[in-house]
Each structure stands twice: as structure tokens, then as C-alpha cells.
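Between the sequences and the hints, there should be enough to build the whole structure, so can you do that?
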Amino acid sequence: MISSSLNSSNYSFFEKLKSVDYFLILLILLIGSISVFSIYSTESGDFSFYTKNHLIRLAAFFLLFLVLSFVRVSTWYRQAYTFYILGLLLLLSVIFFGISASGSKRWINLFVFNLQPSELMKIAVIVSFARYYHRIQTVDIESYRYLLQPIILLLIPCYLVITQPDLGTAILIAGSGIAIIWLAGLNIKYFIYSGLIVIVSLPFIISILKPYQKSRILTFFNPERDPLGAGYQIIQSKIAIGSGGMYGKGFLKGTQSYLEFLPEKHTDFIFTLFSEEFGFLGSILLIFLYTLLIYRIIKIGFSCRSFFAKLYCFGFSSALFLYVFVNIAMVVGLLPIVGAPLPIMSYGGSSMLSIMIGLSIVMSCKIYSKEIVSN
Amino acid sequence: MIKRTSNLDKNKTINRRLFILGSAKVGLLGLITSRLYNLQISEKKKYETLSDKNRFREWKTPPKRGVITDFYNNIIADNKRVYQVYLSLDETNDFNNSIFKLKNIIGLSDDELSKIYKKKQKIKPWDTIMVSENLSWEKFSKLNLYLHEIEGAKPVLSTSRYYPYSNDLVHIIGYVGEASVNDIKKNKKIEENFVPGLKVGKIGIENSTDQILIGNYGIKRYEVNSSGKKIKEISYKKETQGENLRTTVDVEVQRLAQKLLDNKAGSICAMDIYSGEIIALASSPTYDPNKFTYGINKKDWNEIKNNKLRPLVNKSIAGLYSPGSTIKPLVALAALEYGIINQKLKVKCKGHDHPYELYGQKYHCWKKDGHGIMNLRNAIKQSCDIYFYEVARLLGVDKLSIIAKRYGLGSKVLEDIFPEEKKGLVPSTKWKKQILEQSWYLGETVITGIGQGYIQTTPLQLCLMTAQLANGGFKIKPSIIYNNNFDYDKILSKIQSEKNKPIEPNILKEKDINLYEKLYKNPKNIKIVLDAMYGSTNEQFGTSFRSRHKDKKYRYAGKTGTSQVRRITEKDRELDLDTSEIEYKNRDHALFVAFAPYDKPKYAISVLVEHGGSGSKAAAPLANKLIKKIIDRDKDREIKRKELKII
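As they're listed, the protein sequences go chains S and A.
Residue numbers for the first sequence, in the numbering used here: 1 to 375.
Residue numbers for the second sequence, in the numbering used here: 1001 to 1647.
Honestly, the hints are just simulated from the structure, not real lab data.
Take the hints with a grain of salt, since some may be wrong.
[What the hints assert, rightly or not] With a straight-line cut-off of 27 Å between C-alpha atoms, the simulated BS3-like cross-links for lysine-lysine are:
1) S:Lys253 / A:Lys1230
2) S:Lys299 / A:Lys1012
3) A:Lys1188 / A:Lys1230
4) A:Lys1046 / S:Lys253
5) A:Lys1232 / S:Lys253
6) A:Lys1053 / S:Lys253
7) A:Lys1154 / A:Lys1120
8) A:Lys1046 / A:Lys1305
What follows is the structure, given as C-alpha cells:
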């Protein structure tokens, strides 16, 4: 009975199982287990609240990932705009029903856990942009009609997220969208022009930033400006990473985190904790795992027949790279501190959920790689 | 067909764009890797240090000072338990609030409060500040009751200096106080062991032996978390107490000496004539060193500072006086040694109507009616000035200067113990030429013969001079800190063997003489002088006859001195006022030097009473009581000495 229904979609169940990318799953599980140990270490080797929650979420969302992997890629294609609109509605509902924490309003209460819609929006933008550019021919891309639509699609969620305020996520959403526009083949000059416009309007942008955002950017250029205030996080993070040395201080022995010098160690600064305990070698290994993950997704993209799947995989891999890069660059002091979690590693349900959904679409692209999508 | 080519085109575009994006990613990964390399490999040391700085806090525990005792183990500078309260800055979120609460509980004055705020500005934000260093037990227990309400307050049981004999030894021991910037700069040991609230010696033995007394601080090393809360103790080094110090002083003699000087300004010194051990070094008036431990208050300080009798001056070593007639034995000895006179020389003292005359200048004897015909022994015994004018004239100031310096005048006696010690002045023609750029007048020689004029001595120098006469003329080195390697019997046998050595031919030239070596040319001359001093105290008409001891055990020989503080005019001489009728500051200083027991000398003393009048009336009677005490204590001292030798 089941097999017949699956057969009807031209893929046998065993064919599907055969085309599952097990290496991708292995990478996810590897990074996932590293994340559990890291969160465990943030609690000084105590199996309690954070570790438990993280483990449960990881398990639940990993199962969700497996289930969603078998959703046809054509279904994702068809429902791409629905996903986008759903994300937008959730973002709007934050404004009315949102929960505030430490000065920003980012979450809505789903009773099971607090959802951060902006995280879902990250994926929704990639999916809907992949769909948008799936049909547009290279020659048409430059026409204003086709150029204006994605810009509006990008500006609306970015504006909503910035006003929460959440600069980090807004940048990541914008970055993911721009990556797909780039991949679709928009003339390079547009990127150069808009880059120039951003630089020219930078003073204006800075003037409308919230004071804490301004101080973060100023602090980035000179952390010693305010060592106990805005500069504290980055100074302590650099101390933790630097003192880790080549081999690290050892598992559960990171003094900076154990003695609570490290802020936000569960979330944005989880890499710092890992790097303090496992040193340069450990950090390189973790970065290598992420690189493999990204590489694997690109490889899947190449194997896909449809532009939608290709654009999605390439776009998602770029977004994933962007998340990882922004987070690590931030904690090592290469970028200002903007809230941006490290995929899979950071504690946080919404981020985990969005990554798992994103990965499941990648997996779906792999399983249904031969499928030609259409309306 | 068109669709196919355009799809191929699109595919190509995407792949090309992906390649560019991939290259950018590789570049960014390289950037992150090099940054990590830079942080974790190149600058590891720097960040490791910063990390340790984050997590470790040190609490230094102040060292305990060594205890100072007298010769007999009586503690004269002790440590007593005190209750203190500190405030740890990194454990308080609201400094003002904590201080305010402390103020209410232990009762701080506004003065103390402003001091605390001043201190706070000087220290680091994770340091500890001393709020009160000497709380009463009641306040301390009250504080402990409310402790949980005051963030960062730390009650501490500590020790602090205490001087059980308060005023009686202050001029010897000195006192301690909080280490100043200057103290830290000057003394390396203090710099190395500095902790907040460290007490260091300010003057006296406490100051000069800080090196030995201070000890080493302890360290408690804690691991702390980001809010400064102690997580665990990492290491602990116990503070070490400074070494204990034994002085040569006898507290009983010292206290008697101080008591004898009550309500007077003056000094009493006593020493062993062979070992040079100082038994008493009294100076009056005194003050209470305990008041300085926590910083003296303004009122007490002004009281001490404005006292006209100058309690802050240690008169035994830093007071300069004309020796007056106490120098006469030395003048006589010098004249005998150089063979200028013999003891049979006779000079007639004819009273104020017929004074000694030199180039038209008149020099009077103190005795109005004159002494009549004097020989050397009688001149010392009755302290005839006319006789010594003549001896000095014959001797000359330069020869006198050599002998005076040899017997201990004109140079510091203890040197490094008391930085304020004065060296005095023994004049000579050369000195006057060099320093005053004037030539010497014979008249100046004449008055130097009776210890007036330029000559200036400290009471301790006079005591040393007497000791070196009384021991038969051997060089000794006075000390106030007991030396464990000191062997009394060895010194005695060394002196004994020195006696039999031949006299060096140039002994009377100006030269340095080694410890325990002969100072004299002919031992008979010393005997003549000592015998005359015996007469002065124990025979009728002797100047200190009234202060003598009849008991042979205590019998001593001495020499009085009365030193003028201003020139005596003809009018004064006519008025011939009694001491009590003269204004205090114009009264003569009374001096007395002596050694005892006469038959077998062992101790020398000097007594000085500022503006006390005549030596025989004001100074000699004090010596009588003092000598009795010293001789009574002699047996105990010998027993104690044997004990120390065994140890």
C-alpha cells in the first residue's frame, strides 16, 4: 500500500533510501554531538537545564529533518511563497504578540518553546528566491521589473527584523538573498553600485542605529574604549580563545567560561568556549567540519537537475557559510558584535529549527534530484 | 531549442558565479584561520597572562614583627592581637553604601571617613582597603553580627605593635607607624614586603633594624569568578614573623633612670666598661610610642611637639653640651701622658679677686674664695678651674684634642642605630683654621681645659670616655643590640694580654686604635686620674662627696661638671645668685660621670640634667641611686650572661 503510493512518484522507497546523503547526516550528527558537549561544558559538566534542552531540541529537530527530507522538492517549490508569506505573518505577529527580552522583541510564544520568526525567515527568503529565479532567464534578470520584485521581497523582512531590533539576523537574511541574486547572474555592476551606495549612506545608517548598536560598532574598532561595558565581551572572548593556545585547556577546563568571564557562552560565544577548551587544533577541526558540510551541499546542488534545487543548494550553502563566518569572525574580533548564532552549535531552538529545515530541503533536493519542478 | 541554450547559459552563469563565491569563501576561511593562529599561537602568552589575571586574586597577609626584648628577655616591644575591618572593593557593588553601613556600626569619625576615601583613590579597584585597624571587642562582635548586610566587609584578626613599658624605652626602641612612600623607597625589605597597613619602624631600633624585624608577608591565592566571588583557595604561603631582637638594655635600670629624670630635661647613660653594652639610655622628657601605632592624633602630637623640654630629642645621643669639669680627668691625663706636667705640679687658686690672667683677659674659678694651693689630685677632686687653665695652657689644644678623640669624644658612638646621633666637636687649631678660617687663641685653649668654649659632647660620649678610663684605658665599642657571638671572658683575657704588650713608640700621635687595644702610654697616669676621681666622690671637700656610697660594694668614683649655657658677666659674679633664682633657660647644665664599683670597676655612667644648676647638687645625687641599682643587678646579669652563652 505504502510502496504503491511511493511508486506513483517514480521513486521506489529503496531508491529513495539509497539516494539519501549519509555523509551529510554524519556531518550533522558530528557537529551536533560536539555542540552537546560544548553546551555541557558551559554548565561546568553538569547535566542540567541547557544541556538537556539542547539535546532534546537537537534530537527532535533532527527527526524533523529526516521526515522533511522526504517531502518532494516540487512541493517546496510550489509552497515557496506560502513559506515566505507564513514567515512574514509570523514576523508581523511579533510586533503585536511578541515577547520582549533584554530590550528587544523577537519571539512569539508557541507554548512548547518561544519561536523566533526571523530565523525561519532566513530559510524562507532562500526558498522563495530560488523559486523566483528558477524561471527567469539570464537575459531578463536585468530588467527593472524582475529586479524590483526580489528587492522588495528582501527589504520587507529585513526592515521588520531591524526594528525588533536584531541587526545580526537582518544582515544574515539580506546576505542570503543577495547571494542568490548574485548566483542567478545579475550583472556585477549592480553589486558594485549598491556597494558604493551603502558606503556613501553609511553615516546616515549609523545615525539611525540604536545607541547600543552604535557603541558596539565603535567598540569593535577599539575594544579598550570601554573594557567593562561594550568592549567587555570581545575582550573576554579574545582572552579565552588566545589563552586556549595550540591544544586548548582541556574539556571542562576552560577557566574563562567556568568562572563566568565569558558572556553569552551558550549562544553567540559557544565557539569561544570550544576554542578555549580545544585550542587551535580543535577550532580548525570544527571549521573543517563546517567546510565539509558546505562543500557537501554544493556537491548536492551540482547533482540536481532543476534550477530551483541548484539555486537553493548553492544559496543555502552560501547562507550557511555566512552564518559560520559572521559568528566566528565576530568572536575572534574581526567583525563587530552583532547577534548571530553559530549553526547547530549555539543553544537556541529557532536557529536549530531553521537550520534543520534548511538542511532537509537540501536532502530533498538530493533524494529527488532527478525531478523537474514546475507549477 | 532556444530554451535549451538559454538553460545551458544559465547553468554556466550559476556555476561561474558559484566559483567566484567559493573563492571568496576560501579567502574568508583563510582570514579566520590566520586570525585564530595569531590569537592562539603567536599571542598565546599575552592572552594566557590576561586569563590568569582574570581568575586569580591575591590577598597578602601582613607579616608579624619580631619581638624586642631587653637583656633579661623582658619584652619591650610586643605584638598584641587587634581586631580590624577591611573592605574588599571587588566584592562591593556600592562602596558608599557599604561604608555608610560600616560607619553606623563601628562609628567612624568624619576625619577617618575622608581618610578612607583618599586611600580608595590610590588603590586598584580589586584591592582591599583598611577601614579600621583597631576595633574594640564590642564593636568587632557587633560588626560580625551585621556582617551579612555589608557587602565586601572583612573582619580580620591581626597583630599590632604594643610597647608594654610605654614611655620608659621610647628613646631606645622608637615606634612604628604606617609605611610612607618614603619608607618604601628607602628600604628594599619594606618594598618587597609591602602590604596595605604594613607598620614599619619610624625611629630608634624599630627603624634601624626593620630589616630584621619586619619578616615576610604571606600570600593567599584565590580563584575568583567574574563578579569577584572567591571560588577556591589555590595556594597559601604563611607569613613569617620577623626575627626577635635582644637588646643589651636592663629594663629595671632604664626605668629607674627614667624615673630619676622625671620632671626634668636630661639624660642618663650607663654601660659595661669592658663589653660596651649599654644598660640604660634614658632621655627626658618622654612620650608614649603606643600613640603612634595607629597614627597619632593632632592634639597629642601638638602637645609633644610644643613641649619646651623637647621630648622628641633623644638627649643621650642627639643632645650636645659643653662637658664642663667632667673633662678635667681627661685634660690631666693628656698632660701627664705627654709629660707636660707631673702630679706634683702646684698652682695657687686665689679666688675671684685675683683671677687667672692671660694677655689681659681674666679667667675665674667657680669658687669665690679660691681653693688655695692645689696639686693635680686635689684639683680634680675639688674641681679647681685655675689649675686646669694652667694645665691646658701648658698642654695646648692640639694634644688635648688627640687624647679627647681617642677616649671617645668627637665621633658617633653607636653610628647606625640612631640616624639622628650627633658627633659633637673636639676643637683643634687645624679645625678652627679649616672650618672657621680663623687662627686659634690661647684663651680658647684655657677655657677648653675646663670643658667650655667650642667643645661639644653628647652624654653617651661622656659615658664612653669614663668607661674607657675606668677599664684601665682600653678601646671598647658600645652597643645596644645584643650580639650572640659575644664572649665576655674572651674580651677580658684579650685586655689582660694587651696590658703586657710593649708600648708602641708613636702611641701619642693621632692614630686609630683597634678594639680592646691600649689607649695609653703609661698605665700609671690612668691610675692617677682614677684615684683623683675616687677622691672627688669619697673624700671630704670632693665635689660629689655628699652623693657617695659608704658601703664598699657600691663605692664609686666620679667627676662633677657644671656647664655654662652663657657667658658669666661681672654682674652675675657680684650677684652670685642661687640656681633657683636664675631664669630656667639661663641656668647651668648639671653633669656627672662616674664608674663603679671602685675596687673592681665594671660600669660607667653619665648623668646630665639640663639647666639643673651645679653638677654636685643636681646630677651626682641621681648617680648615687642609679649606681646602687646597677650593682644590685650585676649578679643577675652575670647569671643571664652564662645562660645565653650556653644557648
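Evaluation of the provided hints:
1. S:Lys253 / A:Lys1230: 17 Å, holds
2. S:Lys299 / A:Lys1012: 16 Å, holds
3. A:Lys1188 / A:Lys1230: The hint is violated at about 32 Å.
4. A:Lys1046 / S:Lys253: 19 Å, holds
5. A:Lys1232 / S:Lys253: 15 Å, holds
6. A:Lys1053 / S:Lys253: 16 Å, holds
7. A:Lys1154 / A:Lys1120: 16 Å, holds
8. A:Lys1046 / A:Lys1305: Violated. Lys1046 (chain A) to Lys1305 (chain A) sits at ~54 Å, over the 27 Å cutoff.
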